[in-house]
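Colleague: So you can see what is in the structure, the chains are spelled out below.
Number of protein chains: 2
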Amino acid sequence: MPRTTETASFKFNHTMIRVKDPKVSLAFYQDILGMDLLSVKEFSDFTLYFLAFNHDGRGLSAEEKEKSRFAREGVLELTHNHGTESDPNFQGYASGNTEPGKGFGHIAITVDDVEKACERFEKLGVQFKKRPSDGKMRHIAFILDPDGYWIEIVPGVLDL
Amino acid sequence: MPRTTETASFKFNHTMIRVKDPKVSLAFYQDILGMDLLSVKEFSDFTLYFLAFNHDGRGLSAEEKEKSRFAREGVLELTHNHGTESDPNFQGYASGNTEPGKGFGHIAITVDDVEKACERFEKLGVQFKKRPSDGKMRHIAFILDPDGYWIEIVPGVLDL
Chain A
1 MPRTTETASF
11 KFNHTMIRVK
21 DPKVSLAFYQ
31 DILGMDLLSV
41 KEFSDFTLYF
51 LAFNHDGRGL
61 SAEEKEKSRF
71 AREGVLELTH
81 NHGTESDPNF
91 QGYASGNTEP
101 GKGFGHIAIT
111 VDDVEKACER
121 FEKLGVQFKK
131 RPSDGKMRHI
141 AFILDPDGYW
151 IEIVPGVLDL
Chain B
1 MPRTTETASF
11 KFNHTMIRVK
21 DPKVSLAFYQ
31 DILGMDLLSV
41 KEFSDFTLYF
51 LAFNHDGRGL
61 SAEEKEKSRF
71 AREGVLELTH
81 NHGTESDPNF
91 QGYASGNTEP
101 GKGFGHIAIT
111 VDDVEKACER
121 FEKLGVQFKK
131 RPSDGKMRHI
141 AFILDPDGYW
151 IEIVPGVLDL
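Protein chains in written order, with the UniProt record's numbering: chain A, 1 to 160; chain B, 1 to 160.
Just so you know, these hints were derived from the structure itself, not from any lab.
Glycine is no exception: its CB is placed at the ideal position from the N, C-alpha and C atoms.
Check before you lean on any hint, since a few could be wrong.
Okay, the calculated bits of chain A under chain B, using three or more residues with CB under 8 angstroms as the criterion [claimed, not checked]:
{"hint": "1", "segment": "45 to 56"}
{"hint": "2", "segment": "97 to 111"}
{"hint": "3", "segment": "121 to 129"}
The calculated DSBU-like cross-link candidates involving lysine-lysine, where the alpha carbons are at most 35 angstroms apart (straight line), are [what the hints assert, rightly or not]:
{"hint": "4", "chain 1": "A", "residue 1": "Lys-116", "chain 2": "B", "residue 2": "Lys-67"}
{"hint": "5", "chain 1": "B", "residue 1": "Lys-67", "chain 2": "A", "residue 2": "Lys-123"}
{"hint": "6", "chain 1": "B", "residue 1": "Lys-65", "chain 2": "A", "residue 2": "Lys-65"}
{"hint": "7", "chain 1": "B", "residue 1": "Lys-23", "chain 2": "B", "residue 2": "Lys-102"}
Just chain A, with the same shape it has in the complex (with noise of 0.2 angstroms):
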């Protein structure tokens, strides 16, 4: 039961971050991660791309997945203002995580076995930030993404 009549539509959608080279990203974030791409809408000086993991969703038509880009949970929407990729005087985005521009954290991308899909990221030369080895929180990691923004690697499931 939803908190409100009113709100008992809502879902949690999105999440947008902006990347300087839509080729790099896309790469990271369906060959490596494993989304899908599931729209791409380009404006004149800008193009979006939204992805989502899809497992279910192989036999998927276009149309289906356009409309999926905002009835489910958990898209991944990467704005990619033209230029950026070949800018040389482009600084890159803040990761959010230090200060100027401190405020967004990470996103977070739940595994099944943790210290196996690092060993996966390792080999496919993904940068991390934290090795589950690191530290004390063992059971978790963090990677950086082509930009630098933070993914944390959790495990779905939890020993409470």
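Take the given structure of chain A and dock chain B to it, following the hints.
Modeller: Chain B in isolation, oriented as in the chain A frame:
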């Protein structure tokens, strides 16, 4: 079907943002947006609050809520660094949408009726970045959370 067997278990579990005052933020995310508090993790100098839309979950036990914290998509994690709520020198967090610190953009909530949801937000005193009637994109809105993070309000059903 997953893109690869290695990523078959992956889910986009949560997004973390820092908040100045958890009382204010919890009131906003619970009472105005209608999210449920799944879990609270208190550490010596910070506390983590995990929220999600839990419309079917009124009967969930505390243990089931705790387990769902990492097992589902659409979770929002609020990090409160103790003391910011009463520190007169605290400058506030960056929304990610202005320099310096540009990077993160927003989170988005899907609703069945954007107009109706926004009328309710207006009555509840929520701040708007963009009302549905502002600008060209009449089918969406942007509200601000208590820390100034942008929250896009999008319709769950798209007219394609």
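Colleague: The structure should be examined with respect to each hint, and the outcome stated for every one.
Modeller: Hint check:
1. 45 to 56: holds (count 4)
2. 97 to 111: Check passed, 12 qualifying residues.
3. 121 to 129: Coverage by chain B is violated for the segment 121 to 129 of chain A (0 residues, Cβ < 8 angstroms).
4. Lys-116(A) - Lys-67(B): Answer holds: Lys-116(A) to Lys-67(B) is near 21 angstroms, not above 35 angstroms.
5. Lys-67(B) - Lys-123(A): Status holds; Cα separation ~30 angstroms.
6. Lys-65(B) - Lys-65(A): holds, 29 angstroms
7. Lys-23(B) - Lys-102(B): The hint holds at about 27 angstroms.
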